[in-house]
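Chains as they are written, first to last, in the working numbering: chain A, 1 to 113; chain B, 1 to 110.
Note that these hints are calculated values from the structure, not bench results. A hint or two may mislead.
Among chain A residues calculated to face chain B with C-beta under 10 angstroms, some are [claimed, not checked]:
hint: 1; residue: 35
hint: 2; residue: 40
hint: 3; residue: 48
hint: 4; residue: 55
hint: 5; residue: 69
hint: 6; residue: 91
hint: 7; residue: 98
hint: 8; residue: 100
Derived CB-CB ranges, DEER-like [unchecked claim]:
hint: 9; chain 1: A; residue 1: 41; chain 2: B; residue 2: 58; range: 27 to 33 angstroms
hint: 10; chain 1: B; residue 1: 109; chain 2: A; residue 2: 13; range: 37 to 43 angstroms
hint: 11; chain 1: B; residue 1: 70; chain 2: A; residue 2: 111; range: 37 to 43 angstroms
hint: 12; chain 1: A; residue 1: 51; chain 2: B; residue 2: 16; range: 47 to 53 angstroms
hint: 13; chain 1: B; residue 1: 70; chain 2: A; residue 2: 96; range: 28 to 34 angstroms
hint: 14; chain 1: B; residue 1: 42; chain 2: A; residue 2: 61; range: 25 to 31 angstroms
We put the beta carbon where it would ideally sit given N, CA and C, even for glycine.
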Amino acid sequence: KAGVTQTPRYLIKTRGQQVTLSCSPISGHRSVSWYQQTPGQGLQFLFEYFSETQRNKGNFPGRFSGRQFSNSRSEMNVSTLELGDSALYLCASSLVLGGSEQFFGPGTRLTVL
Amino acid sequence: DQQVKQNSPSLSVQEGRISILNCDYTNSMFDYFLWYKKYPAEGPTFLISISSIKDKNEDGRFTVFLNKSAKHLSLHIVPSQPGDSAVYFCAASAGNQFYFGTGTSLTVIP
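For reference, chain A alone in the conformation it holds in the complex (with noise of 0.2 angstroms):
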């Protein structure tokens, strides 16, 4: 079985651009998560959909925004890059609504200059 998938793995944005990072979850899995891992704060918490809604959110601001699709695939979105927006962005699968067992794809690397 495929494991969850991120794209692109890396990217290079500058100040005030929008992006875009996409998650493939485990197949049958309906729920994904996304986190912001960062030195200092560990891995913070964004959002969680589930059959195509936002069921949780972190504590982001609205800058930061998100949608699942039909095949659970789900997407992020960062409008009005900051520096501070710098960070290894995780997606996160399970097969229910805050699953316990979650599994992690490998990331997309954000560089904001």
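With the hints as your guide, set chain B onto chain A.
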């Protein structure tokens, strides 16, 4: 505000000895706790979990201990192996949202 804290950013242990990784939390509503291991350039992988109704869960070389009164969680690895060298994250949940610590980088010295 960091609800889950891992106060040791790094830990070095000799091969064959015990590795103890610690985690503290502040939210008494957390009822499920997990440990993840992360290698460079890979996403975290689930290692072991424990429910708040238990105080210990064991899986092979890995044991997680939960002290609810102290709001403290620890992961014991015995015996430690060089392949255990990775960053370990603890996580806690109350409902559907997971809160992660900042990670502890474990180095097992051959």
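Do the hints match the structure? See the list:
With a cut of 10 angstroms, the hint placing residue 35 of chain A at the interface with chain B holds, because the nearest CB-to-CB distance is about 7 angstroms. Interface hint status for residue 40 of chain A: upheld, as the beta-carbon distance to the closest one in chain B is roughly 7 angstroms, under 10 angstroms. Hint status for residue 48 of chain A: holds, given a least beta-carbon distance of 7 angstroms to chain B, under 10 angstroms. Checking residue 55 of chain A against chain B by beta carbon gives a least distance of about 7 angstroms; that is within 10 angstroms, so the hint holds.
Annotation: interface hint on residue 69 of chain A violated; nearest CB of chain B at approximately 21 angstroms, more than 10 angstroms. At a threshold of 10 angstroms, the smallest CB-CB gap from residue 91 of chain A to chain B is about 8 angstroms, leaving the interface hint in force. Among the interface hints, the one on residue 98 of chain A holds; its C-beta lies about 3 angstroms from the nearest C-beta in chain B, closer than the 10 angstroms criterion. Restraint check, residue 100 of chain A versus chain B: the minimum CB separation of about 6 angstroms is within 10 angstroms; hint holds.
In this structure the hint that residue 41 of chain A and residue 58 of chain B lie 27 to 33 angstroms apart at CB holds, the actual value being about 31 angstroms. Between residue 109 of chain B and residue 13 of chain A the beta carbons are some 39 angstroms apart, a value that agrees with the proposed interval 37 to 43 angstroms. Look at residue 70 of chain B against residue 111 of chain A: about 40 angstroms separates their beta carbons, and that is inside 37 to 43 angstroms. Distance hint check for residue 51 of chain A and residue 16 of chain B: the Cβ-Cβ separation is about 48 angstroms, which falls inside the suggested range of 47 to 53 angstroms.
For the pair residue 70 of chain B and residue 96 of chain A, the beta carbons lie near 31 angstroms from each other, so the given range of 28 to 34 angstroms is met. Between residue 42 of chain B and residue 61 of chain A, the C-beta spacing of about 28 angstroms keeps the proposed range 25 to 31 angstroms intact.
The structure is inconsistent with hint 5 alone, although it conforms to all the rest.
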